[in-house]
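Following the hints, put chain B in place on chain A, whose structure we already have.
Those protein sequences? They're chains A and B, same order as listed. With the first sequence counted from 1, adding 898 to any position gets you the numbering used here. With the second sequence counted from 1, adding 559 to any position gets you the numbering used here.
Warning: the hint list may mix true and false statements.
[Claimed, not checked] Pairs of lysine-lysine residues, derived as DSBU-like cross-links and limited to a Cα-Cα distance of at most 30 angstroms, are as follows:
id: 1; chain 1: A; residue 1: 1019; chain 2: B; residue 2: 771
id: 2; chain 1: A; residue 1: 1088; chain 2: B; residue 2: 691
id: 3; chain 1: A; residue 1: 996; chain 2: B; residue 2: 577
Bear in mind the hints are in silico, worked out from the structure with no lab data behind them.
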Amino acid sequence: MSYKGKFRVWRGEGGEGRLEDFTVEVNEGEVVLDVIHRLQATQAPDLAVRWNCKAGKCGSCSMEINGKPRLGCMTRMSTFTEDETITVTPMRTFPVIKDLVTDVSYNYQKAREIPSFTPPKDVKPGEYRMQQIDVERSQEFRKCIECFMCNNVCHVIRDHEENKTHFAGPRFLMRIAELDMHPYDVADRKDSAQEDHGLGYCNITKCCTEVCPEHIKITDNALIPMKERVVDRKYDPLVWLGNKIFRR
Amino acid sequence: MTQQTAESPARKQRAQLKVRTLRTDRWWLAPALTFAGLTFFLIYGFWAIFDKSYFVEPYIAPFSSPCLTTACPEGARLFGWAPIGDWFTLPPGLIILGLPAGFRFTCYYYRKSYYRSFWLSPPACAVGEPHKKYTGETRLPLVIQNVHRYFFYGAILIGAVLSYDAILALIHKPAGLGTWILLVNAALIVLYTLSCHSCRHITAGRLNHFSKHPLRYRAWTFVSKLNAKHMQLAWASLFSVMIADFYVRMVAKGVITFPFA
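Just chain A, same shape as in the assembly (with noise of 0.2 angstroms):
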């Protein structure tokens, strides 16, 4: 069954730009990505869309649905009513290219400020050993598609631009949640997540798991528990007592 859908959709290039009305066909069974496919190929040939795998697994068609961080191959037009009107925009946290496009190299910057897999010297690879329940933890966190909605959702630079600099956003502190939880990681990760990167931002008000497509809980099994890693290190005199008494 087809009908037609009311669309607003935003057009320009760099921040100026404009919400673009359009009536488009709809047919059963489709979702955003489609219609906005439709208006492409009918009516708005330069209208700029990333996208790739149409199968929620690439990350690549990220943008916001009636204001929602949504991915639009994910997005099933049954979930809307024929008569309302679907407002698309481009991810407001980052710089737009154009129409629904945006620069998300800060997430790339961010990514390469984090210290890589930092195994010990005398462990060569080949001879890593460790139990399916000690990587478990981490392997939740290795679903993350980079679609960077969480990054894009958080308030911490979604409203404060000047945090950019020092926040590395859910997906990076999950990145160096990842490696302080992994067993052969000896890298010191927990004053760099505070100092460097921004932890002490986070006030978990949990918008990043909220808006995640893999369903990652991202503030309870991530950030929490390197907040409290974090506390061990820098907050907590009876754990600092501890460890000098055992010399952990």
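Relative to the frame of chain A, chain B by itself:
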């Protein structure tokens, strides 16, 4: 609702939408309900702490337990002790108030809820916050939130005392409605306390080799299951402690008088 616009050139490269949010759902409902719920609790707590009808054999109101001064009736004292003596003339509940209040105030779930509903930072996801600057929990006073685990240790003691009170009530008045209200409340308080993120960290969260500590890993697994329900337990125990406290005070005042009260 107009968007606050930062003037930096980088900010101007973002889509210049002149609205605070484009969300069309009722995003304001959750923070509004949270604000109402927490405000109601604060008002009730303020009234309860100064109310003197906190004990009626064998019940003691949770907001005033443990009762540690000589002003407390004999039966209300914990193990019959009054370690604070008679110099403290303010309501006895004030002495221990700091532990459960501090535990909830620094709790990771409550932080989320009041940052959203009272401080609007942010009020909801993808809704602009009204503040021009944001430093989060990096400096005073909010860096003090990191003491949460110490309040957790105190909350364990309070949970134990409330459980003891409920068991005493069960021994002396097993058919009393108040007994069962106190028992349910004690269970919810203990579950909420154990589901705490700091508890999860202390059991084994800080370890990297679960396989070397099987008992701690099992404890962590149990606490993790509880932790997934931390929000629900936070609200359930918040209301249960108010209901239990109010019930005991009403029995003590003689407002509730039926035989199995």
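For each hint, the structure was consulted:
The straight-line distance between the Cα atoms of residue 1019/A and residue 771/B is roughly 22 angstroms, inside the 30 angstroms bound, and the hint therefore holds. Restraint check for residue 1088/A and residue 691/B: the C-alpha separation of about 29 angstroms stays at or below 30 angstroms, so the hint holds. The straight-line distance between the Cα atoms of residue 996/A and residue 577/B is roughly 18 angstroms, inside the 30 angstroms bound, and the hint therefore holds.
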